[in-house]
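Protein chains in written order, with the numbering used here: chain Z, 74 to 483; chain Y, 74 to 483.
Just so you know, these hints were derived from the structure itself, not from any lab.
Any given hint could turn out to be false.
Since the list gives no way to pick one copy over another, a pair counts as held whenever it fits inside one copy or between any two copies.
To be verified - Mimicking SDA-like on lysine to any residue, the simulated pairs with C-alpha atoms at most 20 angstroms apart in a straight line are:
hint, residue 1, residue 2
1, K299, P238
2, K443, G197
3, K448, T378
4, K462, A166
5, K193, G442
6, K296, E471
None of these values were measured; they are calculated from a predicted model.
Number of protein chains: 2
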Amino acid sequence: MTNITPMAPGCLKGIRVLDLTQFEAGTSCTQVMAWLGADVAKVENTTVGDPGRRLGPNNKVDDPYFLNYNSNKRSITVNLKSPRGLEIVKEMAKKADVFMENFAPGAIERLGLGYDVLSKINPGIVYGQVKGFGEGSPYEKNLAFDMIAQACGGTMSITGDPNGPPAKPGPTLGDTGTGMLMLISILSALIQRAQTGKGVHLQVAMQDAMLHYIRNSFGITAKSGKAAPRTGAASNSGGNPPCNIYPCAPGGPNDFVYVYTSRGNPEHWPRLLEALGRKDLIGDPRYSTQAARVEHEAEIDAIITEFTSKRDKYECMRIIGAAVPAGAVRDTLELMNDPNFEERGIIQSIDHPTNGKFRMATWPVRFNGKPVPVKPAPLLGANSDEVLKDWLGIGAEEAAKLRADKITAS
Amino acid sequence: MTNITPMAPGCLKGIRVLDLTQFEAGTSCTQVMAWLGADVAKVENTTVGDPGRRLGPNNKVDDPYFLNYNSNKRSITVNLKSPRGLEIVKEMAKKADVFMENFAPGAIERLGLGYDVLSKINPGIVYGQVKGFGEGSPYEKNLAFDMIAQACGGTMSITGDPNGPPAKPGPTLGDTGTGMLMLISILSALIQRAQTGKGVHLQVAMQDAMLHYIRNSFGITAKSGKAAPRTGAASNSGGNPPCNIYPCAPGGPNDFVYVYTSRGNPEHWPRLLEALGRKDLIGDPRYSTQAARVEHEAEIDAIITEFTSKRDKYECMRIIGAAVPAGAVRDTLELMNDPNFEERGIIQSIDHPTNGKFRMATWPVRFNGKPVPVKPAPLLGANSDEVLKDWLGIGAEEAAKLRADKITAS
C-alpha cells in the first residue's frame, strides 16, 4: 500500500457483506464495499474458487483480473453441496447486512439460498442479484457476459467508425457498470433499513443497466426518430466541430489529442486559433459561427492537424488545453506508469503473496482529501478460520474439524 | 408514468439534496437520488438555468438531454449574484443532507459556497464535487467534458478497430460513469454520518473515474507490459474465438449477433455447432480445443457467418442464445420501441409540459420486484415557491417579494 497520502477511514465500517459473487459484475460491487470499509466475506467453493482467479490458460497463480476485483475482501471456502456447509452460509446470512450474488439464472435458488429462504432467516437482509436479462424479458433464462450485455443493451450500436461495424466499448460497462448501479441500490436500501428495519430484494439485469449509460443517445433518438449513429471519436451529439481527435507526433497508435470547443462558449474558437498560432484567422467568416464551422469541418481539421502533427500529444494538451478543452489520448501503460496517479493515491501498489508488487487503480473518489486504502486480494480460503470466528464465534478446534471434513479448505 | 407495474417507494425518502449541478456528470448523480425518493432541489440561475436545458441551436423548449437527467427533481431559481439570493442558498444548506456541484474548477468557491463555508454552517453536510482533473494533477485547472475525460482516462485507447484510430465509447462514461461513483460515495458518507453526525467532503475527477471502468485492460497491461490494444467488437482479453459479432440479414448497420463461447465451459463449442446445424464438425480436431480455435479463427468465423447471414439477428439470438451466450446488437430506436422494456418499467413514459409524451430509460434496478416511479423534469423555476416553503418556511408573501426583487424567478 502506498503511504504517500494518508488514507480515508472506511465509511462502511461495521457493515457485513456475505459475498457469493464471481467474475466481475458482482465482484466489482462488493469490491467497492470492501474498499469503503465493509467486512466482505467472499464465499468460494473449496476446489478452485471464483473462476475469475484462473482466467488465462496457463495461469498458476491468481490472475490480475481477480486481484483487481477482490482486494480488501476475505476469502472463506465452503462446500455448499454439504449440508453443514450450507448451514454455515445460512448462519452467516443471519449476521449479514448484505448478500450479493451473480450466478447463472436459477443457480442460487437451486442451492437453497434464494431470497425467500434468506429473508426468512434474516428479514433485514439486503439481498442483491445481478443477471444478464431481466425477469419478464424473453431472454430471462439466458447467460450473459459483458459483451452480450453491451450488444443487447445498445452501447455497441453507438460505438465505432461511422462507416464500419459496431465496436465494443473497451470499458467493461456490462460488468462493472452494472455492479455500480446495484451498489447504489444496496446503499440506498441500507439507509432505508435504518428507519424500517426491513431488508429489500434487489435485482438488476446487465442489459437493462446499459440503457442508463446511453441516455444522451436516447435523447438523440427522441429528436430524430432514428437510431443514434456511430461517430468514431466525435461526440454522439455531433455537429459541433472541432470535436475530435487529431494526430500527434510521433504517430503511434494512441498519439492523438482531443480538441473541443463548447457550443455554449463562443470565445473558445478564437482562443483555439490563438493557441494554434493562427490569430490571422480570427474573424474569418468561414469559421466564425458554429454553422460555418460545420460547413468547413475538413479545413478546420487541416488547420488543427497542421499544428498537432508536429508536436507530441502532451505538448499539444499543454498548449491547447490552456485555451480550450483538450486532452491527450492516453493508453493503459502510460496511465499505469504515470507517477502522478500514485502520488494522489488513485493508483496504489500492493504486495500480493504470489503476484508480488502489483499496481492497481483504486476508488477514485477522495474523502476529505484522502483516498481509500487498498489491501491485496486474498488467496483462496486464506481467511476461512478467521471469518468463522469473527462471524459465527467458531473456535480453532471446530474450524480444524470443518477442514478435516472438507466442509472448508485452506 | 406507466402504471403497468406497481412502483417501489423511495429508499431515500427524507434526504434533502441541495443540487447545484448542470449538464450531466453532476445531474446524473442527483437524478438517481431523486428517482430513489430524495427531495432534490435544483438551484438554477434566473435567466436560462442549467445550460443543459438548451443544447441544440434551435431549441425553444427543454432538450431531451435535460429531461433525461433531471426528472423527479424540483427547480428553484436563485440569483446567486445578489446577497439575499446567496443567503437563501446558505439557509438551504443548513437544512440539506447533501450538497452537489460540478461547476468549472474554482467557481463554487468564488461564489462563496465552498466546502469550508458550508461545513461551518452545517457540519453534517455531505458535500460532493465533480471536476475534470484531480487536485494535484498537472491539469487540475483545466475544463473537461465527457470526451476529454475519455481521452485522458484511457477508455478511448482501448475502443475501436485494431487497425484504426481510437474511438470514443458511445456511453457517456466520463459524465454518468463519474456521477455514479460520486453517488456511491455520497450514500456511504450518509451511512457513516448516521453514526458520527459528521459530514464529508467528497471529490472526484472525471479522468480518474475512467480508470475504474477499465480494470480488465489494466490487468492485460500488468501481464503483457504493453498498452492494452483495441479489439473492435471482440473482448479486450482476446484469444478465445468465437467472441465477436457476425453479420445478419438484411445487412443494416446494426444487423449483427454477438456469439461467445466461454473459456470455462468446454461444452459451449459442441453446443454451438449443434445450434448451427453443424453436428458434423463436433470432434473435428481443427476446432476441438481453444488453442485450435485460435489457429482456425477465420474458418470459425466463416462457419458462423454462413448461418447468421441468412437469418435476422433476433432469430439468430433465439437459436444460438439457447445454446451459448449470444445477443443481437440493438440500436437505440429498437430499444426505445421494444414494449418489453415498458412492461417491466425499465423505460417509462412521462407527460412533459412542453415536450409532451416522452419515453425515458429509468433506474434499472428493481426493489422487491418493482421499478422506481419517474416524474417529468421541472420547467425552470417551476417549484421556487414550493421549495422556499418546504425547506425554509417562507410564505407566499415573502416569496412574491423575492420574485419582484428578481432574487428568484418563475
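* To do: Mind listing which of the numbered hints don't hold for this structure, in increasing order?
  => Hints 3 and 6 not satisfied by this model.
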